[in-house]
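> Chain by chain, the residues:
Number of protein chains: 2
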Amino acid sequence: MIHPKRKKVERTVFFVSDGTGITAESFGQSLLAQFEGYEFQHVTCPYIDSAEKTAEIISQIHNTHKLEQIQPIVFMTVLIEDVSEALHQSGAYIVDLFQSFLPGLEQQMGEHPLYKPGKKRSTAHSHSYNRRIEAVQFALENDDGARTRYYDKADIILLGASRSGKTPTCIYLGLQFGIFAANYPITEEDFEGSLALPKPLLPYREKLFGLTINANRLSGIRHERKPDSRYASSQQCHFEVQAIEQLYRRENINYLTTTDSSVEEIATRVMSLTDLKRRLK
Amino acid sequence: MIHPKRKKVERTVFFVSDGTGITAESFGQSLLAQFEGYEFQHVTCPYIDSAEKTAEIISQIHNTHKLEQIQPIVFMTVLIEDVSEALHQSGAYIVDLFQSFLPGLEQQMGEHPLYKPGKKRSTAHSHSYNRRIEAVQFALENDDGARTRYYDKADIILLGASRSGKTPTCIYLGLQFGIFAANYPITEEDFEGSLALPKPLLPYREKLFGLTINANRLSGIRHERKPDSRYASSQQCHFEVQAIEQLYRRENINYLTTTDSSVEEIATRVMSLTDLKRRLK
Numbered sequence: 001m002i003h004p005k006r007k008k009v010e011r012t013v014f015f016v017s018d019g020t021g022i023t024a025e026s027f028g029q030s031l032l033a034q035f036e037g038y039e040f041q042h043v044t045c046p047y048i049d050s051a052e053k054t055a056e057i058i059s060q061i062h063n064t065h066k067l068e069q070i071q072p073i074v075f076m077t078v079l080i081e082d083v084s085e086a087l088h089q090s091g092a093y094i095v096d097l098f099q100s101f102l103p104g105l106e107q108q109m110g111e112h113p114l115y116k117p118g119k120k121r122s123t124a125h126s127h128s129y130n131r132r133i134e135a136v137q138f139a140l141e142n143d144d145g146a147r148t149r150y151y152d153k154a155d156i157i158l159l160g161a162s163r164s165g166k167t168p169t170c171i172y173l174g175l176q177f178g179i180f181a182a183n184y185p186i187t188e189e190d191f192e193g194s195l196a197l198p199k200p201l202l203p204y205r206e207k208l209f210g211l212t213i214n215a216n217r218l219s220g221i222r223h224e225r226k227p228d229s230r231y232a233s234s235q236q237c238h239f240e241v242q243a244i245e246q247l248y249r250r251e252n253i254n255y256l257t258t259t260d261s262s263v264e265e266i267a268t269r270v271m272s273l274t275d276l277k278r279r280l281k
Numbered sequence: 001m002i003h004p005k006r007k008k009v010e011r012t013v014f015f016v017s018d019g020t021g022i023t024a025e026s027f028g029q030s031l032l033a034q035f036e037g038y039e040f041q042h043v044t045c046p047y048i049d050s051a052e053k054t055a056e057i058i059s060q061i062h063n064t065h066k067l068e069q070i071q072p073i074v075f076m077t078v079l080i081e082d083v084s085e086a087l088h089q090s091g092a093y094i095v096d097l098f099q100s101f102l103p104g105l106e107q108q109m110g111e112h113p114l115y116k117p118g119k120k121r122s123t124a125h126s127h128s129y130n131r132r133i134e135a136v137q138f139a140l141e142n143d144d145g146a147r148t149r150y151y152d153k154a155d156i157i158l159l160g161a162s163r164s165g166k167t168p169t170c171i172y173l174g175l176q177f178g179i180f181a182a183n184y185p186i187t188e189e190d191f192e193g194s195l196a197l198p199k200p201l202l203p204y205r206e207k208l209f210g211l212t213i214n215a216n217r218l219s220g221i222r223h224e225r226k227p228d229s230r231y232a233s234s235q236q237c238h239f240e241v242q243a244i245e246q247l248y249r250r251e252n253i254n255y256l257t258t259t260d261s262s263v264e265e266i267a268t269r270v271m272s273l274t275d276l277k278r279r280l281k
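As you go down the protein sequences, you meet chains A and B in turn.
Residue numbers are given in this note's numbering: position 42 of the first sequence equals residue 42, and the series is strictly consecutive.
Residue numbers are given in this note's numbering: position 135 of the second sequence equals residue 135, and the series is strictly consecutive.
These are calculated hints, taken from the structure and not from any lab test.
It is possible that part of the hints are untrue.
What the hints assert, rightly or not - Derived SDA-like pairs (lysine to any residue); straight-line CA-CA distance at most 20 Å:
(1) 226/B to 137/A
(2) 7/A to 111/B
(3) 226/A to 215/A
(4) 7/A to 106/B
(5) 53/B to 275/A
(6) 7/B to 113/A
(7) 7/A to 216/B
(8) 7/A to 109/B
(9) 53/A to 276/B
(10) 116/A to 40/B
(11) 8/B to 113/A
(12) 66/B to 55/B
(13) 226/B to 141/A
(14) 116/A to 38/B
(15) 8/A to 105/B
(16) 116/A to 277/B
(17) 53/A to 114/B
(18) 66/B to 109/A
(19) 7/B to 114/A
(20) 226/A to 131/B
(21) 8/A to 226/B
(22) 7/B to 110/A
(23) 53/B to 276/A
(24) 207/A to 137/A
(25) 8/A to 199/B
(26) 66/A to 108/B
(27) 277/A to 26/B
(28) 199/B to 229/B
(29) 8/A to 114/B
(30) 8/B to 226/A
(31) 277/B to 43/A
(32) 277/A to 56/B
(33) 8/B to 36/B
(34) 277/B to 42/A
(35) 8/A to 108/B
(36) 277/A to 162/B
(37) 8/B to 215/A
(38) 277/A to 47/B
(39) 53/B to 53/A
Please model the complete structure; the sequences and the hints are all you need to start from.
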């Protein structure tokens with residue numbers, strides 16, 4: 001429920017980490033999205049791994065506290081003990097992601113945690129890193145129907161109208177899951193006569209997956225790129241979307257609507273709708 | 001400490017969510033990386049939002065429990081009450097990311113959480129979504145020195161040897177932070193005579209940021225792409241890396257080494273070393 005009459009309270013949230021801070025931020029945003037009475041101001045503080053940097057953050061927290069007259073909130077993923085302790089004494093409301101769970105996990109595992117920051121992601125030495133980079137490269141080289149001769153190497157081929165979200169989804173599938181994703185736009189030329197499956201796609205039916213999007217939304221996106229063009233017109237967008245969705249249904253191509261989804265959501269849904277297996281550990 | 005003599009125990013970890021599961025997985029991986037005695041098998045279960053899907057996961061948890069003879073671990077970000085409850089009764093060791101913090105936050109905020117899944121990410125309706133897509137598009141169109149005429153629009157221009165990590169870093173900067181990042185490779189031709197700053201870059205000195213990489217590692221990456229080429233030879237890689245690092249120093253270009261870093265880490269470090277402000281809310 002949105003309360004239109006209630007003015008939102010400004011409140012600063014710090015995401016503090018001795019690593020990238022990506023986990024703290026992504027997690028914090030999930031939780032904060034559940035509270036509608038506030039306008040949260042985000043401050044992300046990665047690589048807080050020294051006394052100097054810690055002191056700087058603490059002083060920022062104190063200033064914010066004075067200014068806003070309300071306790072700032074700190075989401076933290078910090079393994080360095082001194083940094084962690086100082087934050088706990090900062091007067092902020094602390095959401096300590098590691099300390100809340102590490103003692104319990106320690107007991108479960110029957111071993112001490114390493115307490116080493118930045119141990120998670122696949123680094124340049126690892127197989128996963130190579131796979132991700134190759135997969136992103138694959139997405140770039142097989143973007144927008146530019147080349148179709150490597151489709152045999154693709155894990156999936158996304159179809160859709162121009163600006164329906166194909167490219168970022170392919171890149172994200174590569175970066176996050178190591179999936180080789182190509183994409184092929186259904187364009188003007190394909191619409192001449194009745195819309196049939198473009199020839200280069202015929203041998204790869206089992207790899208095809210369709211994206212579609214609300215026609216008004218598509219028109220809005222296209223207007224930003226080419227204002228007042230026929231390409232962006234509501235009529236053209238309605239026509240294309242309708243024809244493309246008919247094509248998907250006629251050809252039995254699995255598809256989903258991207259209108260209200262983020263890139264992450266589209267990619268994750270594609271994964272779960274297709275039983276694609278991620279290629280990373 | 002690695003214990004070479006101790007065999008790692010296989011143990012399955014479930015990441016369960018009524019949303020994408022990205023938060024549960026990213027957070028869980030951070031924590032699990034702190035325990036070295038186990039070989040964790042990951043099972044990611046996104047969009048668990050119905051009784052049927054929940055029952056399926058629970059039965060998978062039971063089977064795993066029997067098979068491995070050890071309690072499976074569940075990291076969960078679930079807002080739907082029935083799903084959450086069922087998981088808590090599954091016999092797994094539960095790390096409940098939302099319920100551990102929501103009651104405390106509820107008190108802090110003085111309002112009830114919405115308990116609506118999938119509220120976080122910027123969706124196709126939002127300003128942030130457009131900015132991310134534009135930023136990824138910018139990275140693609142200004143990749144690898146292909147075009148330099150839009151450098152005035154770039155927030156940053158990454159330099160580096162071929163295969164030093166420029167492209168994925170630019171894409172990630174766009175996707176995660178909405179940053180317009182171009183990149184320019186320092187290539188063979190630039191090395192003729194003494195290495196000087198390539199001409200197209202001269203007007204944009206303040207936007208330049210260098211990547212470098214361990215020469216042996218670079219050679220390894222290049223061998224995967226073009227085996228046994230001069231391009232991939234250890235000698236060539238050492239020569240290039242040394243010359244490029246000299247260039248950075250001589251021209252006072254800020255730079256960092258990507259050798260042991262993930263794409264996320266490189267991008268986050270670039271952000272914090274350059275005081276670039278993220279363009280997304």
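> Hint check: residue 116/A vs residue 277/B, CA-CA at most 20 Å. Holds or violated?
The hint is violated at about 28 Å.
> Residue 66/B and residue 55/B: Cα distance at most 20 Å?
holds, 17 Å
> Within 20 Å, alpha carbon to alpha carbon, are residue 226/B and residue 141/A?
Answer holds: residue 226/B to residue 141/A is near 17 Å, not above 20 Å.
> Please verify whether residue 199/B and residue 229/B have alpha carbons no more than 20 Å apart.
At roughly 28 Å apart (the allowed maximum being 20 Å), residue 229/B and residue 199/B break the hint.
> Below or equal to 20 Å on CA atoms is what counts here, so check residue 116/A against residue 38/B.
Judged against 20 Å, a Cα distance of about 16 Å means the pair holds.
> Would the hint linking residue 8/A and residue 226/B be met if the CA-CA limit is 20 Å?
violated, 57 Å
> Within a Cα-Cα threshold of 20 Å, do residue 7/B and residue 113/A meet the stated pairing?
Holds: residue 7/B and residue 113/A sit about 17 Å apart, inside 20 Å.
> Given the proposed pairing of residue 8/A with residue 114/B, does the C-alpha separation stay at or below 20 Å?
holds, 16 Å
> Regarding the pair residue 53/A and residue 114/B, is the alpha-carbon distance no greater than 20 Å?
Since the Cα atoms of residue 53/A and residue 114/B sit roughly 35 Å apart, the hinted pair is violated (cutoff 20 Å).
> For residue 53/B and residue 275/A, compute the direct alpha-carbon distance and say whether it is at most 20 Å.
holds, 15 Å
> Hint check: residue 277/A vs residue 26/B, CA-CA at most 20 Å. Holds or violated?
Roughly 18 Å separates the two Cα atoms, so the pair holds.
> Given the hinted pair residue 66/B and residue 109/A, is their Cα-Cα distance within 20 Å?
OK: residue 66/B and residue 109/A at ~18 Å, within 20 Å.
Hints 7, 16, 17, 21, 25, 28, 30, 36, 37 and 39 from the earlier list are contradicted by this structure; the remaining hints agree with it.
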